[in-house]
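What follows is the residue order along each chain.
Number of protein chains: 2
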Amino acid sequence: MAQRLDFYFFVGSTYSYVSVSRAAKAAATAGVTLNWKPFSVRTLMREQNNSPFAGKPVKMAYMWRDLERRAARFGVPFDGVPPYPIDPLEQANRVATLASTQDWCPAFVQAAYEAWFIGKLDPGSPEHLRGILQGLGRDADACMAEADSEPVVAMYAERTNEARTLGIFGSPSYVAGTEVFWGDDRLEDALAWASGT
Amino acid sequence: MAQRLDFYFFVGSTYSYVSVSRAAKAAATAGVTLNWKPFSVRTLMREQNNSPFAGKPVKMAYMWRDLERRAARFGVPFDGVPPYPIDPLEQANRVATLASTQDWCPAFVQAAYEAWFIGKLDPGSPEHLRGILQGLGRDADACMAEADSEPVVAMYAERTNEARTLGIFGSPSYVAGTEVFWGDDRLEDALAWASGT
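Taken in sequence, the protein lines are chains A and B. So that you can map any letter, position 32 of the first sequence is 33 in this note's numbering, and since no number is skipped, the others follow by simple counting. So that you can map any letter, position 174 of the second sequence is 175 in this note's numbering, and since no number is skipped, the others follow by simple counting.
There's no promise every hint is true.
The list treats identical chains as interchangeable, and a pair is accepted whether it falls inside one copy or across any two copies.
[Said to hold, decoys possible] Straight-line C-alpha distance at most 20 Å; calculated SDA-like pairs for lysine to any residue:
#  : residue 1 : residue 2
1  : 26        : 82
2  : 57        : 132
3  : 57        : 166
4  : 57        : 198
5  : 57        : 74
6  : 57        : 165
7  : 121       : 44
8  : 26        : 179
9  : 60        : 163
10 : 121       : 180
11 : 26        : 37
12 : 60        : 50
13 : 26        : 166
14 : 57        : 162
15 : 60        : 186
16 : 60        : 75
17 : 57        : 43
18 : 57        : 68
19 : 57        : 184
20 : 60        : 47
21 : 26        : 159
The hints are simulated quantities; they were obtained by calculation from the structure and are not laboratory data.
Chain A with its partners taken away, still in its complex shape (with noise of 0.2 Å):
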């Protein structure tokens, strides 16, 4: 049987995007299942008092020169710096966690984030996010208001309460069993710890 690695992450945080693009392909060769989890690292930083760049610039500076080093590492098209923060209602966060709930989750954050880096537009918001849906082939205007629905908004803020309980504070964060790993630098370990390697 495949082990089974969670990954949760958040649309807006700026390192998940390397791990988006790669995570499902690394999982795969590791025969690791890869499980997406998007969650609100928003609320949980709030609540830690843990913002890693809002009146942090020099940090802020440094984390965008090393995202791009990152991407040219791994072969991820990087053209500048798209706009921060985004999202700010979260909905495309719902969106992602709707279509976990279906299988077109690793798709659509994809669409989101290349929406983001590449197309330099906030993917949460209505216009951009309609445009992402369609891009995929949905039903736009059904998926967002699923998306708003009590069910979606419940299962997001679980999936927030899971990670707060595993002692989550960031995104990427990649969970075998109860051991958390952070950051795309830590993807490797994580598929070892997984696969027992």
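Got chain A; can you put chain B on it based on the hints?
For chain B alone, kept in the frame of chain A given last:
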């Protein structure tokens, strides 16, 4: 000519323990000269409103666990969480600065981290600092007096200023030319950059 990598660190940074234990050997293997530069990351963190762990117990708990895993991976001894924070007056860091003008900075800093992580002692307290220096065959009182002298204090401030100018915000940071790599987990990337491979 060997390529150079500047190693900016603060005795008191937790992840720097792994770097202090492994960077010299990794650099030698890569044919890179490692230039040890103690600086006051605490000063920059205060200026930049960037407190990585204080008041953030969830992130702090993760850090200790992640550090334990990284120590195991690199064969660095880890025997539970040591006292934290340490060196409130930064005297161990000024002794490291003095040592960096001579040839015993790596030996001193490694001994200071061993006292901290294995001995569970604050290497910045005068009592323990004296023991560390004596263990290295140094005249402890003379070293401690010289570490507080104007030239060493000025050099420590100057290193801190260099780090500020480079856009450094954390310890360890590796710098190749003006390219900054933050974190023990960026050592390999920094060595590759420095050696042009």
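Right, here's what the structure says about each hint:
For the homomeric pair residue 26 and residue 82, neither the shortest alpha-carbon distance inside one copy (25 Å) nor that between copies (36 Å) is at most 20 Å. For a Cα distance limit of 20 Å, the shortest separation of residue 57 from residue 132 qualifies neither inside one copy, at 33 Å, nor across copies, at 39 Å. In this assembly of identical chains, the alpha carbons of residue 57 and residue 166 lie at most 20 Å apart only when taken from different copies (15 Å versus 28 Å within one copy). In this homomeric assembly, residue 57 and residue 198 never come within 20 Å of each other (Cα to Cα): the closest approach is 38 Å inside a single copy and 32 Å across copies.
Neither within a single protomer nor between protomers do residue 57 and residue 74 lie at most 20 Å apart by alpha-carbon distance, with minima of 26 Å and 32 Å respectively. In this assembly of identical chains, the alpha carbons of residue 57 and residue 165 lie at most 20 Å apart only when taken from different copies (13 Å versus 24 Å within one copy). In the homo-oligomer, the alpha carbons of residue 121 and residue 44 never lie at most 20 Å apart, since the shortest distance is 24 Å inside one protomer and 36 Å across protomers. Taking the shortest Cα distances, residue 26 and residue 179 never come within 20 Å of each other, neither inside one copy (23 Å) nor across copies (34 Å).
Taking the closest pair of Cα atoms, residue 60 and residue 163 come within 20 Å of each other only across two copies (16 Å); inside a single copy the shortest separation is 29 Å, beyond that limit. In the homo-oligomer, the alpha carbons of residue 121 and residue 180 never lie at most 20 Å apart, since the shortest distance is 35 Å inside one protomer and 26 Å across protomers. Proximity of residue 26 and residue 37 under a CA criterion of 20 Å is satisfied intra-copy only: 13 Å inside one chain copy versus 39 Å between copies. Taking the shortest alpha-carbon separations for residue 60 and residue 50, both the intra-copy value of 17 Å and the inter-copy value of 10 Å come in at or below 20 Å.
Proximity of residue 26 and residue 166 under a CA criterion of 20 Å is satisfied in neither setting, with 28 Å inside one chain copy and 39 Å between copies. In this assembly of identical chains, residue 57 and residue 162 lie within 20 Å of each other by CA distance solely across copies; the values are 18 Å between and 27 Å within a copy. In the homo-oligomer, the alpha carbons of residue 60 and residue 186 lie at most 20 Å apart both inside one protomer (17 Å) and across protomers (17 Å), since each shortest distance falls under that limit. When the C-alpha separation of residue 60 and residue 75 is checked against a cutoff of 20 Å, the pair qualifies neither within a copy, at 22 Å, nor between copies, at 27 Å.
Both within a single protomer and between protomers do residue 57 and residue 43 lie at most 20 Å apart by alpha-carbon distance, with minima of 16 Å and 15 Å respectively. Proximity of residue 57 to residue 68 under the C-alpha cut-off of 20 Å is restricted to the intra-copy arrangement: shortest distance 16 Å within a copy versus 24 Å between copies. Taking the closest pair of Cα atoms, residue 57 and residue 184 come within 20 Å of each other both inside a single copy (19 Å) and across two copies (17 Å). With identical chains, the CA atoms of residue 60 and residue 47 are at most 20 Å apart both within one copy (18 Å) and between copies (13 Å).
In this homomeric assembly, residue 26 and residue 159 never come within 20 Å of each other (Cα to Cα): the closest approach is 27 Å inside a single copy and 46 Å across copies.
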